[in-house]
Amino acid sequence: MIASLNKYWQSFLVGIQSNIVYRWNFFLRGLFSLTHLIVIYALWSAAYQGHSAIGGFSLGQTLTYFVVILTLQFFIGAFNEDYQVSEEIRNGLINQFLLKPINYFSYRFSIFLSARTVSGLLILIPVSIAYLFLRHDLALPHESWRLWLGLPALLMSALIQFTIAYCFGLLSFWFLEIQSFVILSYAIETLLGGQVFPLDLMPHLLYRISQYLPYFYQMYFPAAIFTGRIATPAEALSGLGIQACWVVALLSIATLLWRRGLRRHTAVGG
Amino acid sequence: MKLTHYARIWLASARYSIIRAMMFRFDFLMWTLVEFFWMAVNILLIGVIYEHTSSIAGWTKYQMLLLVGTSMILQRLMMGLFWSNLFELGRNVRSGQFDFFLCQPGNPIFMVSTRKIDPDGLLNSFVAIAVVIYSAHQLGLHPGIIDIALYIVLLFISLVIHYSALLLIISATFWIIGTQGIEGGYFNLFEFSRLPKEALRGVASLIFVYGLPAVIASNVPANVLIHGFKPTYMLWLTVVAAAWFAIAVWCFKRGLRRYSSASS
Numbered sequence: 005m006i007a008s009l010n011k012y013w014q015s016f017l018v019g020i021q022s023n024i025v026y027r028w029n030f031f032l033r034g035l036f037s038l039t040h041l042i043v044i045y046a047l048w049s050a051a052y053q054g055h056s057a058i059g060g061f062s063l064g065q066t067l068t069y070f071v072v073i074l075t076l077q078f079f080i081g082a083f084n085e086d087y088q089v090s091e092e093i094r095n096g097l098i099n100q101f102l103l104k105p106i107n108y109f110s111y112r113f114s115i116f117l118s119a120r121t122v123s124g125l126l127i128l129i130p131v132s133i134a135y136l137f138l139r140h141d142l143a144l145p146h147e148s149w150r151l152w153l154g155l156p157a158l159l160m161s162a163l164i165q166f167t168i169a170y171c172f173g174l175l176s177f178w179f180l181e182i183q184s185f186v187i188l189s190y191a192i193e194t195l196l197g198g199q200v201f202p203l204d205l206m207p208h209l210l211y212r213i214s215q216y217l218p219y220f221y222q223m224y225f226p227a228a229i230f231t232g233r234i235a236t237p238a239e240a241l242s243g244l245g246i247q248a249c250w251v252v253a254l255l256s257i258a259t260l261l262w263r264r265g266l267r268r269h270t271a272v273g274g
Numbered sequence: 017m018k019l020t021h022y023a024r025i026w027l028a029s030a031r032y033s034i035i036r037a038m039m040f041r042f043d044f045l046m047w048t049l050v051e052f053f054w055m056a057v058n059i060l061l062i063g064v065i066y067e068h069t070s071s072i073a074g075w076t077k078y079q080m081l082l083l084v085g086t087s088m089i090l091q092r093l094m095m096g097l098f099w100s101n102l103f104e105l106g107r108n109v110r111s112g113q114f115d116f117f118l119c120q121p122g123n124p125i126f127m128v129s130t131r132k133i134d135p136d137g138l139l140n141s142f143v144a145i146a147v148v149i150y151s152a153h154q155l156g157l158h159p160g161i162i163d164i165a166l167y168i169v170l171l172f173i174s175l176v177i178h179y180s181a182l183l184l185i186i187s188a189t190f191w192i193i194g195t196q197g198i199e200g201g202y203f204n205l206f207e208f209s210r211l212p213k214e215a216l217r218g219v220a221s222l223i224f225v226y227g228l229p230a231v232i233a234s235n236v237p238a239n240v241l242i243h244g245f246k247p248t249y250m251l252w253l254t255v256v257a258a259a260w261f262a263i264a265v266w267c268f269k270r271g272l273r274r275y276s277s278a279s280s
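Protein chains in written order, with my numbering: chain Y, 5 to 274; chain B, 17 to 280.
Check each hint, because a few of them may be wrong.
[Said to hold, decoys possible] Far from chain B, by Cβ distances over 10 Å, these chain Y residues were calculated: (1) Ser15; (2) Gln21; (3) Asn23; (4) Arg33; (5) Tyr87; (6) Ser118; (7) Leu128; (8) Val131; (9) Leu151; (10) Leu158; (11) Glu239; (12) Leu241; (13) Ala271.
[Unchecked claim] To give an idea of the interface, some chain Y residues facing chain B are shown, with a C-beta separation under 8 Å as derived from the structure: (14) His40; (15) Leu41; (16) Val43; (17) His55; (18) Ala134; (19) Tyr135.
Just so you know, the hints here were simulated from the structure itself, not pulled from any lab data. All residues carry an ideal CB built from backbone N, CA and C; glycine is no exception.
When you get a sec, could you build the whole thing from the sequences and use the hints?
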């Protein structure tokens with residue numbers, strides 16, 4: 005068991021090294037995200053004029069939500085994992101994994117974790133800059149249960165993010181070009197994951213429907229626990245239950261796609 | 017080379033691009049859907065915010081929708097006409113394939129900018145136009161022919177601003193080779209085009225309204241339909257477009273001098 009985990013630990017370490025090469029790329033991407041925060045600040049400040057609360061939350065709480073969402077994107081969001089899987093299938097690089105005692109999903113997930121460790125730590129620099137300007141506006145709740153329930157939610161969100169990207173990558177077994185699928189899915193995830201607006205601001209029925217979709221648990225759910233948009237531990241626990249179901253469902257889909265895909269796969273060359 | 021020759025080259029490229037899109041119909045359909053969905057995301061944001069408030073910086077829901085529609089027309093035209101070309105310019109400079117464009121008998125900027133068009137982007141510009149028409153209808157606006165003509169002229173001037181900004185960003189590749197992802201800066205900049213200029217205050221207003229051209233590129237054309245024509249606004253937009261175009265062309269030409277190919 006430990007020996008088995010050790011090989012993925014090694015791939016995690018190699019992943020850290022190779023992702024440090026792209027540190028400037030991640031850093032600049034984080035810095036560019038600050039302009040997105042400026043747009044959010046301008047838009048929502050203007051929307052709050054004459055209102056002390058929107059959807060029951062103050063401007064400070066809404067801004068905190070967006071800062072947390074931005075930070076989480078760099079800690080748990082899937083960036084280009086779908087393309088990496090797709091490239092390895094199209095170029096035949098997965099052939100080497102078929103011949104080794106290594107699980108491709110676990111290998112890719114360890115690389116994903118290393119990439120997010122690097123990008124997550126780097127986003128803290130631009131977020132700290134943003135904090136200097138927004139410190140009087142931000143409002144994080146202090147209840148300790150938010151941390152204890154938020155952390156498992158965060159881990160499962162990372163798993164959901166990665167597994168969806170992995171599944172899209174596996175579509176390369178069937179399609180030559182997956183870019184349009186990926187960008188369409190990204191648009192849906194951006195909207196229903198709560199990156200465009202907090203999902204609780206949607207009409208109640210739509211919000212209820214969104215709670216049963218996997219996108220809700222990709223980003224919004226942990227952010228809502230941390231920022232107070234999910235009000236009670238009972239609500240968070242029920243969400244964790246649905247989230248766990250989605251993790252199992254998506255892992256099953258990934259396994260099914262991998263097995264079916266391998267049947268179609270043809271390895272050529274030596 | 018005469019202007020008509022350039023027009024013929026562009027038409028030939030457009031014809032080739034449309035034939036290609038029709039050959040990969042599923043791909044064309046998917047990309048059309050992708051662009052359509054991204055537009056829907058922006059419209060939904062407006063819808064959700066105005067569920068809870070009646071005004072953003074003095075702009076009503078349909079005024080804001082008209083502004084967002086205008087911004088979407090500009091971005092769809094950019095996507096349809098220039099995005100792929102300029103995106104590939106960066107990649108070609110890195111790989112050395114840019115040589116191919118330098119060998120062509122025509123102005124290098126024109127040749128790199130018009131090699132192909134993306135019909136899905138152009139098709140979705142009609143959806144964006146429909147959003148503007150719907151918003152104008154909801155606002156009870158009845159613009160005359162002259163107002164509409166001025167709106168179109170201002171859109172083209174704003175398109176020059178968008179084009180210049182992207183060309184300027186991509187031209188950085190001549191100096192810094194490792195610029196993969198730099199084109200994302202275009203989207204970061206023009207995210208501001210969905211904001212009313214009144215929403216930005218203080219330093220942010222100085223930078224994003226008067227310094228960088230993102231906000232006025234959408235606000236000035238939208239204002240013609242909402243509040244009527246203001247010559248000073250048109251002059252402002254024209255001067256800004258001319259200045260940014262001149263800077264972008266100058267930077268491209270300076271970059272061209274540095275270019276030394278990458279092949280062996």
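How the hints compare with the structure:
no., hint, result
1, Ser15, "holds (24 Å)"
2, Gln21, "holds (18 Å)"
3, Asn23, "holds (14 Å)"
4, Arg33, "violated (7 Å)"
5, Tyr87, "holds (12 Å)"
6, Ser118, "holds (19 Å)"
7, Leu128, "holds (20 Å)"
8, Val131, "holds (16 Å)"
9, Leu151, "holds (29 Å)"
10, Leu158, "holds (24 Å)"
11, Glu239, "holds (21 Å)"
12, Leu241, "holds (27 Å)"
13, Ala271, "holds (26 Å)"
14, His40, "holds (6 Å)"
15, Leu41, "violated (11 Å)"
16, Val43, "holds (5 Å)"
17, His55, "holds (6 Å)"
18, Ala134, "violated (13 Å)"
19, Tyr135, "violated (17 Å)"
Going through the hint list in order, the structure does not satisfy hints 4, 15, 18, 19.
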